[in-house]
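There are 2 protein chains.
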Amino acid sequence: MLDNIVIVMVNTTHSGNIGAAARAMKNMGLSQLVLVDPKAAIDEEAIQRSSRAEDILHQARIVASLEEAIADCGLVVGTSARSRYIPWPLMNPRECAAKAAMASANGNKIALVFGRESSGLTNDELHLCHAHVHIPTVEDFSSLNVAQAIQVMCYEMRLAAISEPALQQEESAWGVEWDYELANHEQLNGMLHHLEQTMVDIGFLDPNTPKQTMSRLRRLFQRAGVDKMEVNILRGIFSAVQRQQKVQGVQQDAVKTGDSD
Amino acid sequence: MLDNIVIVMVNTTHSGNIGAAARAMKNMGLSQLVLVDPKAAIDEEAIQRSSRAEDILHQARIVASLEEAIADCGLVVGTSARSRYIPWPLMNPRECAAKAAMASANGNKIALVFGRESSGLTNDELHLCHAHVHIPTVEDFSSLNVAQAIQVMCYEMRLAAISEPALQQEESAWGVEWDYELANHEQLNGMLHHLEQTMVDIGFLDPNTPKQTMSRLRRLFQRAGVDKMEVNILRGIFSAVQRQQKVQGVQQDAVKTGDSD
Numbered sequence: 001m002l003d004n005i006v007i008v009m010v011n012t013t014h015s016g017n018i019g020a021a022a023r024a025m026k027n028m029g030l031s032q033l034v035l036v037d038p039k040a041a042i043d044e045e046a047i048q049r050s051s052r053a054e055d056i057l058h059q060a061r062i063v064a065s066l067e068e069a070i071a072d073c074g075l076v077v078g079t080s081a082r083s084r085y086i087p088w089p090l091m092n093p094r095e096c097a098a099k100a101a102m103a104s105a106n107g108n109k110i111a112l113v114f115g116r117e118s119s120g121l122t123n124d125e126l127h128l129c130h131a132h133v134h135i136p137t138v139e140d141f142s143s144l145n146v147a148q149a150i151q152v153m154c155y156e157m158r159l160a161a162i163s164e165p166a167l168q169q170e171e172s173a174w175g176v177e178w179d180y181e182l183a184n185h186e187q188l189n190g191m192l193h194h195l196e197q198t199m200v201d202i203g204f205l206d207p208n209t210p211k212q213t214m215s216r217l218r219r220l221f222q223r224a225g226v227d228k229m230e231v232n233i234l235r236g237i238f239s240a241v242q243r244q245q246k247v248q249g250v251q252q253d254a255v256k257t258g259d260s261d
Numbered sequence: 001m002l003d004n005i006v007i008v009m010v011n012t013t014h015s016g017n018i019g020a021a022a023r024a025m026k027n028m029g030l031s032q033l034v035l036v037d038p039k040a041a042i043d044e045e046a047i048q049r050s051s052r053a054e055d056i057l058h059q060a061r062i063v064a065s066l067e068e069a070i071a072d073c074g075l076v077v078g079t080s081a082r083s084r085y086i087p088w089p090l091m092n093p094r095e096c097a098a099k100a101a102m103a104s105a106n107g108n109k110i111a112l113v114f115g116r117e118s119s120g121l122t123n124d125e126l127h128l129c130h131a132h133v134h135i136p137t138v139e140d141f142s143s144l145n146v147a148q149a150i151q152v153m154c155y156e157m158r159l160a161a162i163s164e165p166a167l168q169q170e171e172s173a174w175g176v177e178w179d180y181e182l183a184n185h186e187q188l189n190g191m192l193h194h195l196e197q198t199m200v201d202i203g204f205l206d207p208n209t210p211k212q213t214m215s216r217l218r219r220l221f222q223r224a225g226v227d228k229m230e231v232n233i234l235r236g237i238f239s240a241v242q243r244q245q246k247v248q249g250v251q252q253d254a255v256k257t258g259d260s261d
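First to last, the sequence lines map onto chains A and B. Anchor point for the first sequence: position 131 equals 131 in the numbering used here, and the numbering is continuous, going up by one each time. Anchor point for the second sequence: position 38 equals 38 in the numbering used here, and the numbering is continuous, going up by one each time.
What the hints contain is simulated information worked out from the structure, not anything from laboratory work. Nothing false has been slipped in among the hints.
Identical chains blur together in the list; that is why a pair holds if it fits in one copy or across any two.
In silico lysine to aspartate or glutamate, EDC-like type, Cα no more than 20 Å apart, as pairs: (1) K246 / D201; (2) K99 / D3; (3) K211 / D201; (4) K211 / D179; (5) K228 / E181.
With the sequences and hints as input, model every part of the structure.
Right under this line is the structure:
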């Protein structure tokens with residue numbers, strides 16, 4: 001299970017935190033660290049804080065965007081205080097670990113996404129997540145350090161991994177053996193972009209207006225979890241709508257110029 | 001909680017089972033019974049088997065279709081051995097009771113749907129359900145009587161109701177206070193019929209071919225749970241597509257006849 005979990009740190013500014021994160025991971029049995037556009041280097045401070053987890057630092061992937069970091073993951077969970085605009089599915093660390101165990105048993109990778117020391121994750125980043133996880137803290141002193149948050153999450157992951165009941169390998173998150181694999185984030189995101197483009201093409205969505213409509217649709221599909229056949233069906237529908245819209249555009253021009261079909 | 005749970009019996013042939021179901025319900029604190037096109041009357045046998053639960057029999061609603069029975073319910077669960085064609089979300093009775101408790105805490109009605117003595121529920125009826133519940137039985141002697149099944153489910157509902165932890169009233173099934181109410185079955189079903197009609201209008205779906213595509217889409221939205229704003233957004237998209245398809249049809253005719261716009 002733990003080999004399927006990816007710890008993603010976004011725009012980290014303090015190299016000591018990267019080191020401490022690696023140390024927490026190694027203690028708990030995790031090994032996959034991804035740094036998204038880090039603002040700190042893997043320097044002496046990082047290596048020193050990692051104690052004997054240097055290997056995790058050296059194996060860490062460095063990518064330019066969050067979308068790249070999570071592309072191959074079937075479940076993406078972001079750490080969050082509260083969703084700022086529209087409500088987003090929220091779990092506590094133990095529930096998150098249970099969901100991660102299930103996703104892993106089904107061959108999916110799980111990304112746990114952690115934000116900037118100063119400001120956490122942006123709203124757009126939070127909306128790329130299927131769900132959010134909130135680590136319970138005292139309300140008026142909510143200042144968990146990112147490496148401490150990673151420590152808590154890795155601990156819960158370890159507990160779930162070592163106490164994993166004999167999960168029936170064929171059982172999906174929906175309680176039965178499913179007939180198609182879960183789409184990974186890249187495939188799901190591709191479907192959502194296709195949906196958005198189709199909505200723009202038919203004039204339903206104005207690309208310049210606030211994006212709540214698209215966020216709500218994203219949230220709906222992400223909380224459902226979408227399998228690969230469902231992605232294909234949905235994209236087939238979108239393509240059919242776009243084809244029709246093109247034909248309509250051609251017809252309109254033909255009518256205006258007096259050309260026949 | 002128990003006042004929000006509706007026991008739905010479809011095409012029951014033995015009046016004694018209806019009586020026994022009422023008795024099980026009353027013992028466990030439930031009161032809402034709906035009979036869908038019953039093949040048995042509420043006769044002496046039913047009254048005798050109900051012991052002192054005659055009031056539940058007399059208050060029972062009798063409707064012609066399952067869709068009528070569940071129209072105002074936010075969560076619909078069908079009893080099933082196994083889904084026969086495509087996998088459908090499946091729970092055990094205890095998980096079902098927990099979900100029912102959550103749905104009830106959020107002001108939704110919950111329908112528990114039970115099928116014919118001889119053959120259970122049809123595939124179409126099973127597909128109207130958000131999820132199915134399977135009562136664990138010995139594999140080679142799987143012949144639970146419908147009233148016994150109702151007894152087991154009502155028992156689990158009662159356990160959940162009396163041991164209900166202080167559910168934060170504002171918390172939805174997704175772990176946070178949601179901003180729109182869950183759509184009831186009539187609204188969700190209306191959205192799905194609108195989707196189907198739109199897919200037919202654009203030529204993506206042939207109304208005469210096997211219905212797996214539509215079942216898969218139904219399953220996706222039902223397992224997500226859809227709120228009222230999401231229903232509105234989706235129906236707005238479908239309407240926009242349908243309007244465009246109509247315009248295209250008009251343009252095509254105009255081009256063929258040589259009429260201008």
